[in-house]
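*Asks:* The lines below spell out each chain.
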Amino acid sequence: MIVAIILFPLLLAPVAFFIPSHQGRSWMLPLAGGVHLGLALALALVVAPGPASGGQWLAADPLGQLVLLVTSVLFFCCSLYAVGYLIYRLDRGNRIMVPCLLVFLSAMSLATLARHLGLMWLAVETTTISSAPLIYYNRNQLSIEATWKYLMVCSVGIALAMLGTLFVAYSALHGGAPVSLQLDDLLSRAGTFSRPWLHAGFVFLLVGFGTKMGLAPLHTWKPDAYGEAPGLVGALLAGGLTSVAFLAILRGVQIMAAAGDLSLARAALLAMGLFSLALAAVFMVRQPDVKRMLAYSSVENMGILALGVGIGGLAAFGAMFHLVNNALTKGGLFLSAGNIQRAYSSKRLGEVRGALSRVPLSAGLFLAGFLAITGSPPFGPFLSEFTILRGIFGAGHPAIGGVFLLLLAVVFIGMGGTVLSVTQGGEPDELVDSGYRDSLLMVGPPLLLLLLVLTLGLYLPAPVQAFLQRAASLVEVAR
Amino acid sequence: MLGYLMLENGIFIFAILLSAAMPLMVEAGVLLDLLVAIFVMGIVINQINREFSTLNTERLSSLRE
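Protein sequence lines correspond, in order, to chains D and F. Numbering (our numbering) for the first sequence: 12 to 490. Numbering (our numbering) for the second sequence: 363 to 427.
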């Protein structure tokens, strides 16, 4: 089953490349998404999360299952959206996009299920390569600049992550243990590792995978890449890829915890988390470009995730819950922002006004998504951020809690300025009808994603809560 | 791009020290990954050349805050 999850989209990619009809290729996406979601659900329900036997390449532990499930739900919704979206993009075609999306899905699945650090690294590198053509989809000067920056920054980051992986392996060698990059071997022997090499390795892992996740100050590619990519791609990058990169960092945290140095790992995450929040808050005020604003929101939420795990305990549980909420809400936001951009043929604040009258459904969803991601009740992120806040105050860090609240408020004001200006008001007089109409396939997926977020905010079923708790406990006590 | 290649070379020389940690399959997969990465970068450079009529990436600076 695990192998099927990874192989099915991968094998479907060349098949999709050779299908002659545009619509036929588009429908490969929901096919892959649906099968993938079914398998991921089966994996979460059937496989009992127990300690994997040593030497296994692929296994599903609670953290991996969580990220896999979230990514799968997001991809499925985006794949349905893609069918509708690609009808509008017959000029660009989808011969490159569909196989790249399928390879992207396969690589993300591999990263969540890998038990060997080298294999996980391989998967994350594959996601970088397969998402570059997706960012370049619009084929203009701005998107090639965005793709170039993305490739360069992320490749350097990934190279540093490789260095970190190798340092961790060397710390095992130095400590006298047989060299192995199997996660289970590392976790069981971490007590004997040479500390300087392990710490250096963790820092490089944090910096390297933090680049892919988009923590400040490694986030510089995010506004450009999310800004120029199609909304569909932005949703997958912001929701799926960032979660997978966070998982990679959490594997490093797991090893540090097993070695007894969890406090150092937490301090590093705390610092980067707060810095990301602060930077995102500053850049989000008066942001004239809608998708760049969403990119900074992504940086902010990644900061919240790092902050949650950096505090630990209840805040770590809140971070796991926030991972789910962030991925689903970002999906809804990017898809509806993409619809608005389709309608106005622009994403800049001067040209996009009065979206509630032009595309009421998409603008309504965009507004709801804004309320959700900034932490308004009754949506999910309110609960997850509140849980993290409770964890912060409970652990005795009132100053951090205060700063957190202040930055969240700044983000709300900054983002609100842009969102309200986009949705309210009257339409600009020079608006040319771009031929876009809200349809089921374009509005349904973001609606579904935001309804899920709303449901999670209102009622968190006990099995889901237990599932999140199991995932959070992996970055807690030393095994 | 040259700097990136040199960085990767350096890292892989370090990896040779730890050849036991990286089984052949993973090492081969990593090399394949890098080859594809260079290939994709080459395509992007080609597109840059087509769009901007130059390979001077300092011209790529129109995306601002």
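Check the hints yourself; a few may be wrong.
For each label pair, taking beta carbons as the anchor points, the in silico distance ranges come out as [claimed, not checked]:
1) L393/F with Q476/D: 39 to 47 Å
2) S415/F with A278/D: 23 to 31 Å
3) G372/F with S450/D: 48 to 56 Å
4) G372/F with S484/D: 34 to 42 Å
5) G372/F with R401/D: 43 to 51 Å
Think of the hints as simulated: they come from the structure by calculation, not from any bench. Each residue gets a CB set at the ideal place from its N, CA and C atoms; glycine is no exception.
*Asks:* A separate judgement is required for each hint: does it hold in the structure or not?
*Replies:* Consistency of the hints with the structure:
1. Distance hint check: the CB atoms of L393/F and Q476/D are about 43 Å apart, consistent with the given range 39 to 47 Å.
2. For S415/F and A278/D, the hinted distance range of 23 to 31 Å is not satisfied, since their beta carbons lie about 49 Å from each other.
3. Against the hinted window of 48 to 56 Å, the Cβ-Cβ separation of G372/F and S450/D comes to about 52 Å, which satisfies the hint.
4. A C-beta distance of roughly 38 Å is found between G372/F and S484/D, which places it inside the suggested range of 34 to 42 Å.
5. Between G372/F and R401/D, the C-beta spacing of about 46 Å keeps the proposed range 43 to 51 Å intact.
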